[in-house]
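These protein sequence lines map, in sequence, to chains V and W. Just so you know, the numbering used here puts 322 at position 322 of the first sequence, and the rest follows in order with no gaps. Just so you know, the numbering used here puts 9 at position 9 of the second sequence, and the rest follows in order with no gaps.
Hints are not guaranteed to be accurate.
Covered stretches of chain V, going by a simulated chain W footprint (3 or more residues, C-beta under 8 Å) [unchecked claim]:
| no. | stretch |
| --- | --- |
| 1 | 95 to 106 |
| 2 | 201 to 214 |
| 3 | 312 to 321 |
| 4 | 451 to 459 |
As a list, the in silico EDC-like pairs of lysine to aspartate or glutamate whose alpha-carbon atoms are at most 20 Å apart [as the list claims (entries may be wrong)]:
| no. | chain 1 | residue 1 | chain 2 | residue 2 |
| --- | --- | --- | --- | --- |
| 5 | V | Lys-251 | W | Glu-54 |
| 6 | V | Lys-433 | W | Glu-64 |
| 7 | V | Lys-131 | W | Glu-125 |
| 8 | V | Lys-433 | W | Glu-125 |
| 9 | V | Lys-409 | W | Glu-103 |
| 10 | V | Lys-255 | V | Asp-244 |
| 11 | V | Lys-255 | W | Asp-106 |
| 12 | V | Lys-408 | W | Glu-8 |
| 13 | V | Lys-263 | W | Asp-106 |
| 14 | V | Lys-409 | W | Glu-8 |
| 15 | V | Lys-417 | W | Glu-91 |
| 16 | W | Lys-108 | W | Glu-59 |
| 17 | V | Lys-255 | V | Glu-223 |
| 18 | V | Lys-408 | W | Glu-91 |
| 19 | V | Lys-183 | W | Glu-24 |
| 20 | V | Lys-408 | W | Glu-5 |
| 21 | V | Lys-251 | W | Glu-125 |
| 22 | V | Lys-131 | W | Glu-5 |
| 23 | V | Lys-186 | V | Asp-244 |
| 24 | V | Lys-131 | W | Glu-59 |
| 25 | V | Lys-433 | W | Glu-52 |
| 26 | V | Lys-251 | W | Glu-76 |
| 27 | V | Lys-251 | W | Glu-64 |
| 28 | V | Lys-131 | W | Glu-54 |
| 29 | V | Lys-183 | W | Glu-54 |
| 30 | V | Lys-409 | W | Glu-113 |
| 31 | V | Lys-263 | W | Glu-103 |
| 32 | V | Lys-183 | W | Glu-76 |
| 33 | V | Lys-186 | W | Glu-59 |
| 34 | V | Lys-186 | V | Glu-213 |
| 35 | V | Lys-251 | W | Glu-59 |
| 36 | V | Lys-217 | V | Asp-142 |
| 37 | V | Lys-251 | W | Glu-91 |
I should point out that these hints are in silico values taken from the structure, not numbers from a laboratory. Beta carbons are placed, not taken as given, at the ideal position from N, Cα and C, and that holds for glycine.
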Amino acid sequence: MLNKVDDYVFEVPMGHQKGMRVPGRIFISEKLLEQVEPGTIDQVANVATLPGIVNYSMAMPDAHLGYGFPIGGVAAFREDGGVISPGGVGFDINCGVRMLRTDLVAKDVTPMISNLVEDLFHDVPSGVGAKGRLRVSEHELDEAFTRGAAWAVEAGFGVPADLEHCEENGQLAGAKTEHVSLKARKRGRPQLGTLGSGNHFLEIQRVDKIFDEELAKKFGLFEGQVTVMIHCGSRGAGHQICTDHLQVLSKAVRKYGIELPDKQLACAPLGTPEADNYFGAMAAAANYAWANRQIISHWTREVFERYFADAKLDLVYDVAHNVAKIEEHSVDGSKERLYVHRKGATRAFGPGRPEIPDAYRDVGQPVIIPGSMGTPSYVLCGSEGAMRLTFGSACHGAGRIMSRTQAKKTYAGTEVKDSLTRRGIKVMATHPKMLAEEAPEVYKPSDEVVDVVHNLDIARKVARVVPLGVSKG
Amino acid sequence: MKPFEYLEHTADVKFQAHGRSLEEAFENAALAMLAAMVDPSTVRLEKTWPVEIEAESLESLLYEWLSEVLYLFEVELAVFSKFEVALERCEVGWRLSGRIGGERVDPKRHFFETEVKAVTLHQFEIKKEEGEEGGEEIWTAQVVLDV
């Protein structure tokens, strides 16, 4: 059973699972908690058994059942005695989302929406096993793994200002391509510049509500404005890197005598070769994902310029929501370097952090929360509560409440498409079948999720955006 | 005995594949994974891909086998509907020699319902159930896929 600690804060007590080193903390409303499966709470408890975990094993209000960590899971490990685990990152390393703002308003764009979405669907390859338009060399692939979005901008995909507006400047330090397998390279090379499928999307949106005028102005957002959101990750390269290292770390678990309640939590003590090699390969995948979103942004700009010659699409921000990173946080009053794992959780640094770009540093970083297909997305601003409660982390989306199997039984893809069309949302997908499992109804209402992080001062609500058109795999 | 069945999982795909032998359970696990993406009855047997894997344990072997099938699906842009597996003990532990039958993806005939990203180790297990008195033994492989 959970203990209520405070409004929106529930504790998973030490006795929930044998071997817990710290309690769990779930940041959620009572209403949303009713929809959380018991298995998700068990997963929060499982993470709490990992060596070197600091304070709590945490879950965000969009928490739902995952593998290893729950989706929406956050945990930090001390450098001395802690571990790193691919179960806390996931297979889609640096799955993330970025938002571009235009200087256009909805009434300019709506008449063109079909053309725009059709062109985006055509110009940004998507779908299962899609190959990109790019033919990168082995050397360029190395550059993407090592330097991420910085390489992409140098190669002509975007402008230097884009880098400043990416978490980690679109380039996570410490990438080691020598720990990226040949298989990961073979999957990664043809897929650079592809969206993928599943819940990934490229969406044209309208700012439908401003919650905080001052912060919105800071992020360059205004009501009626057209924005673009890109949600994707590291594709087959990331999936293969995780697959390869999960095998290595499973052996490390035996070698270092770590007891695990779930094999997907395979990990290695920080400072061991297995941990270093995984971190280096994971960083390479994270960089690949940033290069990928950068290239897709460039093609999106080209499409807009076709219809609006002077269209300016500036990057508001780009956030990772599946990643492990070394960050400095305050623990019991002193600063410590920690390995923070975010699995379906977004960094939400508050004001003053050096990692935030100059333009936003005095207010906090933009936190971009994609909706599911056809539902609103949110822009929030990282705040003090995040630094105090969650190692600077917020939710990442709405969170599933219905399984894909159930969704396919309940909804037909064509119905989902028709219902969106009736609401004036233009949808393009490789096949309507793909739409059924992503029907808007299979997710928690995103406004309730966002209200929790707002009320805890983890991240403040800035703007809500609604879809005008969606391109999906 | 059903070849495989899908179980409820909110975000991912979970299945149990069964076989009267370990080999058959391995074959049905691969089929369950492919069937989560595309209808196997739409796949023609036009080409065969050989697979050789060695692993320390049976679990590790199953994980690598399924990961290899996914890898081939992606780099070969091919879909499969026939899996043949032979297993034997070897110096490392276990060896799998397999043949995978299928064809290149044809977007006109192959409609994907979902994309399997990877094979997870969450709740991953292989178990043998002794049949009722005189009945046959059944092997079951339980797998959660990241989709």
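Task: Lys-251/V paired with Glu-76/W [C-alpha distance capped at 20 Å] - done: Roughly 30 Å separates the two Cα atoms, so the pair is violated.
Open item on the list: If you count the residues of the stretch 201 to 214 of chain V with a beta-carbon closer than 8 Å to a beta-carbon of chain W, do you get 3 or more?
Closed with: With 0 residues closer than 8 Å to chain W, the stretch 201 to 214 of chain V misses the three-residue bar; violated.
Task: Restraint status (C-alpha distance of Lys-183/V to Glu-54/W at most 20 Å) - done: Measuring from Cα to Cα gives roughly 17 Å; hence the hint holds.
Open item on the list: Check whether the Cα positions of Lys-108/W and Glu-59/W lie no farther apart than 20 Å.
Closed with: violated, 36 Å
Task: Pairwise hint evaluation, Glu-59/W against Lys-251/V, where the allowed Cα distance is 20 Å at most - done: holds, 12 Å
Task: Agreement of Lys-408/V and Glu-8/W with the hint, judged by alpha carbon distance not exceeding 20 Å - done: Since the Cα atoms of Lys-408/V and Glu-8/W sit roughly 12 Å apart, the hinted pair holds (cutoff 20 Å).
TODO: For the pair we were handed, Lys-263/V and Asp-106/W, check the Cα-Cα distance against 20 Å.
DONE: violated, 36 Å
Task: 20 Å Cα cutoff - pair Lys-409/V, Glu-103/W - done: violated, 28 Å
Task: Hint consistency between Lys-255/V and Asp-106/W [alpha-carbon to alpha-carbon, up to 20 Å] - done: Since the Cα atoms of Lys-255/V and Asp-106/W sit roughly 45 Å apart, the hinted pair is violated (cutoff 20 Å).
Open item on the list: For a C-alpha distance cap of 20 Å, please report whether Lys-409/V and Glu-8/W respect it.
Closed with: holds, 12 Å
- [ ] Decide if the proposed pair is consistent with the structure: Lys-217/V and Asp-142/V, CA atoms, cutoff 20 Å inclusive.
- [x] Violated, at about 38 Å.
Task: Agreement of Lys-131/V and Glu-5/W with the hint, judged by alpha carbon distance not exceeding 20 Å - done: Given that 20 Å is the threshold and the Cα spacing comes to 31 Å, the pair is violated.
When held up to the earlier numbered hints, the structure conflicts with 1, 2, 3, 4, 6, 7, 8, 9, 11, 13, 15, 16, 17, 18, 19, 22, 24, 25, 26, 28, 31, 33, 34, 36 and fits the remainder.
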